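What follows is the residue order along each chain.
Protein chains: 4
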Amino acid sequence: MRFFSDNAAPVHPKVMQAIADANQVDTAYDGDRLSAQLDARFGELFGRDVAVLWVATGTAANCLALTSLCQPHQGIICHREAHIEVDECGAPGFYTGGAKLMLVEGIGAKIAPETVSDLLGSIRDDVHQVQAAALSITNATEYGLVYTAQEVSALAALCKQHGLGLHMDGARFANAVASVACHPADLSVRAGVNVLSFGFAKNGGMGAEALVYFDPAQADAARYRRKRAGHLQSKGRFLAAQLLAMLDGDLWLENARTANAAAKIIADAAPERLMHEVQANEIFIRLSAGEAASLRQQGFDFYDWGEGAARLVTSWHHKPEDVAPLAAAIAAL
Amino acid sequence: MRFFSDNAAPVHPKVMQAIADANQVDTAYDGDRLSAQLDARFGELFGRDVAVLWVATGTAANCLALTSLCQPHQGIICHREAHIEVDECGAPGFYTGGAKLMLVEGIGAKIAPETVSDLLGSIRDDVHQVQAAALSITNATEYGLVYTAQEVSALAALCKQHGLGLHMDGARFANAVASVACHPADLSVRAGVNVLSFGFAKNGGMGAEALVYFDPAQADAARYRRKRAGHLQSKGRFLAAQLLAMLDGDLWLENARTANAAAKIIADAAPERLMHEVQANEIFIRLSAGEAASLRQQGFDFYDWGEGAARLVTSWHHKPEDVAPLAAAIAAL
Amino acid sequence: MRFFSDNAAPVHPKVMQAIADANQVDTAYDGDRLSAQLDARFGELFGRDVAVLWVATGTAANCLALTSLCQPHQGIICHREAHIEVDECGAPGFYTGGAKLMLVEGIGAKIAPETVSDLLGSIRDDVHQVQAAALSITNATEYGLVYTAQEVSALAALCKQHGLGLHMDGARFANAVASVACHPADLSVRAGVNVLSFGFAKNGGMGAEALVYFDPAQADAARYRRKRAGHLQSKGRFLAAQLLAMLDGDLWLENARTANAAAKIIADAAPERLMHEVQANEIFIRLSAGEAASLRQQGFDFYDWGEGAARLVTSWHHKPEDVAPLAAAIAAL
Amino acid sequence: MRFFSDNAAPVHPKVMQAIADANQVDTAYDGDRLSAQLDARFGELFGRDVAVLWVATGTAANCLALTSLCQPHQGIICHREAHIEVDECGAPGFYTGGAKLMLVEGIGAKIAPETVSDLLGSIRDDVHQVQAAALSITNATEYGLVYTAQEVSALAALCKQHGLGLHMDGARFANAVASVACHPADLSVRAGVNVLSFGFAKNGGMGAEALVYFDPAQADAARYRRKRAGHLQSKGRFLAAQLLAMLDGDLWLENARTANAAAKIIADAAPERLMHEVQANEIFIRLSAGEAASLRQQGFDFYDWGEGAARLVTSWHHKPEDVAPLAAAIAAL
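Chains as they are written, first to last, in the numbering used here: chain A, 1 to 333; chain B, 1 to 333; chain C, 1 to 333; chain D, 1 to 333.
Since the hints were derived computationally from the structure, they do not count as laboratory data. Given the structure is predicted, the values throughout are model-derived calculations rather than measurements. Don't take every hint at face value.
[Stated by the list, open to error] In silico DSS-like cross-links for lysine-lysine, where the CA-CA straight-line distance does not exceed 25 Å:
(1) K14/B with K319/B
(2) K319/D with K264/D
(3) K14/C with K264/D
(4) K14/A with K319/A
(5) K264/C with K319/C
(6) K14/B with K14/A
[Said to hold, decoys possible] Ranges between beta-carbon positions, derived for each pair:
(7) D21/B with A157/A: 46 to 52 Å
(8) K160/D with K160/B: 30 to 36 Å
(9) L333/A with K160/D: 41 to 47 Å
(10) A309/A with A324/D: 55 to 61 Å
(11) Q218/B with E277/A: 53 to 59 Å
(12) A157/A with H162/C: 37 to 43 Å
(13) G306/C with Q218/B: 24 to 30 Å
(14) A221/B with A309/A: 57 to 63 Å
(15) A221/B with D304/A: 41 to 47 Å
(16) A221/B with Q218/C: 33 to 39 Å
(17) G163/B with E114/D: 26 to 32 Å
(18) G249/D with Q37/C: 43 to 49 Å
(19) W305/B with E44/C: 31 to 37 Å
Built from N, CA and C at the ideal position, the CB exists for glycine as well.
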């Protein structure tokens, strides 16, 4: 069984069905009947007017969001291990026209307000230094930790005070919401997030993410930038169909709960091995080379995470009965 | 019946089936078993080693291709009505870091070698003027005309002489090949094309185009640029599946022939109305406002093309019996 | 005697003196006592609050101005023969991050409001096409024609109506003001210009232009962009000194009048040869190859301007007695 | 007396004279007689063919150099306190089209080969991570330390092994050469440097730096990029004049020796206060707020460097007798 990443999981059957159902002639790009429903449907979910753009990848969603919050000569604060810094091949630099990622530290890729304050305090207020315009946080983080609504609010307050925009990379936003068991608006717009990359590809989708603007006016320029980046697919109805299927009956939440539950089963099997608390669907454990080899021999696949450690990621299609053997195998090491 | 654009047509059932079949756990991004077959399969088609990258849109394919042929301070010659100039919201400027599109004229969006020579001759060879580095042609053109292998060769020879790279925007390459009834290599690599945007979305695909590098080494940087543009989808197997399904049994060619045949039926109904010879699957006809209204009342939809003219586009799903009524209605005007 | 270009002329002695006088220790960059006077001094000249940035070249001034008026996904309308299009090696594309120059025609590189209206009318209001955000005009134009205050106002009114910013490339703004004999504000801020590249290098300066923001708030981002473009010179006092020396006693106007007067002497010698009315300091005349050779033999140097034509440019250091021989030689052809 | 920075010092009289001497009509841009001498004159200095471009600032020199060594999707390794990272307002991101600065540590802003090796070893060789294409080092460093020829060679060897280009930010290259008392080629081309930003503005110039390409072919694209960045001044002869005057009789070296000697006098007055060895013309000393105030009261000006520290910079115009009082004052604290 594979625990490499949730982004390699199968597409959820309901999403596949929605794609099949969308296969008819319709208006091209985002002029179709499905895309036209997105603002309203996500608006219901978040309890306010929003503007939503589908894009095929999290990188595109993140980077379009950053261009809405940052001019080319400005900077974006993020964690040193943020996906936008480490795993997007410099996409933010490309999309923003050379804006600077300003890196901060924090355990488990989580950023504390003081860290942001310290960074801001260290920037000279003159034209020789790039000035920060935005903060980007990832929820759940790259290490599977979750910002609570309160934590997001604290960061948002700081942003507001310093005139920074707040972006949330929510590639695993569903897992974060499932983890803290709050309303999705609590972790985003009510807490002060300006733009959310709401991920679905890791959560049962095929190739669609929702870029959610809580200030709909900000989306106007983003629509041009999406086209300009080659992300306005001509058969956009197939992306809209995915997103709508995920919203139907809160499939997004159900899938995330399943993934989180699977992670918990594994985590509970070896609490002493955990490098970070397992709050969502990623498990980082200490694992010797020999132990890793043993697990692999038993048919479990996953990434090594440096020396003596491993990362395992669960997803919507890991049922409890699927992960129990892994949990047992780890416990038995 | 809708004749707005081939890019709004349904996905071909065999492509839908291939997508469904690809729905299993596999390696993410382009590490899956399907993506791994692309180079070989397209290599067979073109009769030589190629490197192929899937991307979701023609704009992405075109612009990635341009970055392979042109530095930011250089220029790309194209037709004044080329898609990259007129319909991609400035994407080439974004992807290339501000390279300049250098526009030339030509009937039916087709470029003649002399026009390119004239333009090249008009550029002062000093640092105050942008120097051309590439030529981009569209086959079939934006007006449905087709470059023959000989015509492409003539342009390629000129490019070689002046040190220019040659890109072909083949959003409707299949229709061009079907039109001139030659080997696909004759219209591309054998003629001297360096990079081909081989379109499938307009020809029965869902959201996948093949960016074909006839010099595989040139693809190396493009792989980074694709990621950096947010176009490396995590479930890339679904894009590869589309391309492979289109290659199977030359479905791409069959679909293009169907579309071209449908266009011919319409064209033959009103030869005196044609603004351009119908060589592929686009029909531009003179049509008064009243005539257009009459056709629309009979259930035919299409775009006005300025005053007194209309554009109709056929696609793989327009069977002869589907277009016959339109042909009759036009003839009866 | 050389009539190649005013940009190769000597530096005016008063400017040289000001440079020599500025040679003392002072605060670096634009923190010196001279730079600090620019806003006030130019404010007096224009009769209102302005923000002024020195830069070394017209290209830098123009392109920084454009970034203030245009986002990367937008466009700038300019003449097909505008300096920014033809002679800056694609600098606007570099500075703006790939914004598009949208070219219009007009005799003598002068743009008429209807031409702009027509262009705007031809742009589809959808995300596939670049939308215009600014108009850039050159005064005096690249062919030595001058926009009157009324003409600028008419263009500015159109810009306002369509939400476009208005930039004036004033590499020869002084010559334009001298030509129409109005207040400099009449040709710029009172007419509705938002940002002016006020040129001095062609008018007796060494290497300093004034980028004048009539809305001082717009200059804030430009200050960062200037630094980011490597144009914030550490000994900026030497640039400020040039500008201040040019303002002293309206040396800028006196120099421009001298240049214009010299051009008029030449123009009057051969009215029937003129390709454009000589309104500033550039003369375009019909001249056969033999005639050109004859003039050159007599010691006059200038650029050929295509087949059978020549361009001559006068500058501040062309006294009437200097140009009289050339006028006589042309008359005698 | 001011010890803020060498970039605020007066222009050396010989440079001023050369500027005055250049004030005649000549060909514009870099077509003049002075600019034409640069390649040969710098070629003599370095003992081989070089291509040299003048630019007005160190930022422009550095960033043009980086574009020669790095594609937009790649990265440049530099010190966390390098000028290009900390004090150029993101200019590298602008010039390179979003390439990434990859930061390493090192005492006194000096980079050790192992640090570079470690960084390179930490980059996954896949398209998700930016790959390094160049290393940029500053000599003398931002803290006044000097790389010896051997140290540069060791870094260059590493670069060669990994296919990286090597750029040297030589804003204070003269001070470095004076410090190690070697041939300028030993610290640059013979050691393996590909492109050198050879600074003169901090060393007695007005506004001219030499961008030195040891592989002249690499300069070709840079000439276009210089124009495109607005750095091709029309009266370029005044920049060339500065550089030539600095080369005459090795004025550059004499000036640097003077500056270094002045720094040594100050350093020797308080060896126990030094935070870094004084190898060139910058002195970083521990200084309490009270001590700083006392020095300022005695007429000495300088920058605080965080809490309890100060930076003093000497330049070509600090004669021994000028700095002796400061040395005495520090010793007397």
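Do the hints match the structure? See the list:
1. K14/B with K319/B: Holds, because 17 Å separates the two Cα atoms, which is no more than 25 Å.
2. K319/D with K264/D: 12 Å, holds
3. K14/C with K264/D: 40 Å, violated
4. K14/A with K319/A: 17 Å, holds
5. K264/C with K319/C: Holds, at roughly 12 Å.
6. K14/B with K14/A: 20 Å, holds
7. D21/B with A157/A: 46 to 52 Å: Since D21/B and A157/A have Cβ atoms about 50 Å apart, the given range 46 to 52 Å holds.
8. K160/D with K160/B: 30 to 36 Å: Given about 33 Å between the Cβ atoms, the range holds.
9. L333/A with K160/D: 41 to 47 Å: 45 Å, holds
10. A309/A with A324/D: 55 to 61 Å: 60 Å, holds
11. Q218/B with E277/A: 53 to 59 Å: Violated: the Cβ-Cβ distance is about 47 Å, outside 53 to 59 Å.
12. A157/A with H162/C: 37 to 43 Å: Holds, since A157/A and H162/C (Cβ atoms, about 40 Å apart) stay within the stated range.
13. G306/C with Q218/B: 24 to 30 Å: 38 Å, violated
14. A221/B with A309/A: 57 to 63 Å: 33 Å, violated
15. A221/B with D304/A: 41 to 47 Å: Once the Cβ atoms are compared, 28 Å apart, the range 41 to 47 Å for D304/A and A221/B is violated.
16. A221/B with Q218/C: 33 to 39 Å: 37 Å Cβ-Cβ, so the 33 to 39 Å window holds.
17. G163/B with E114/D: 26 to 32 Å: Because 43 Å falls outside the window, the suggested range is violated.
18. G249/D with Q37/C: 43 to 49 Å: 37 Å, violated
19. W305/B with E44/C: 31 to 37 Å: Given a distance of about 56 Å, which is not inside 31 to 37 Å, the answer is violated.
Hints 3, 11, 13, 14, 15, 17, 18 and 19 from the earlier list are contradicted by this structure; the remaining hints agree with it.
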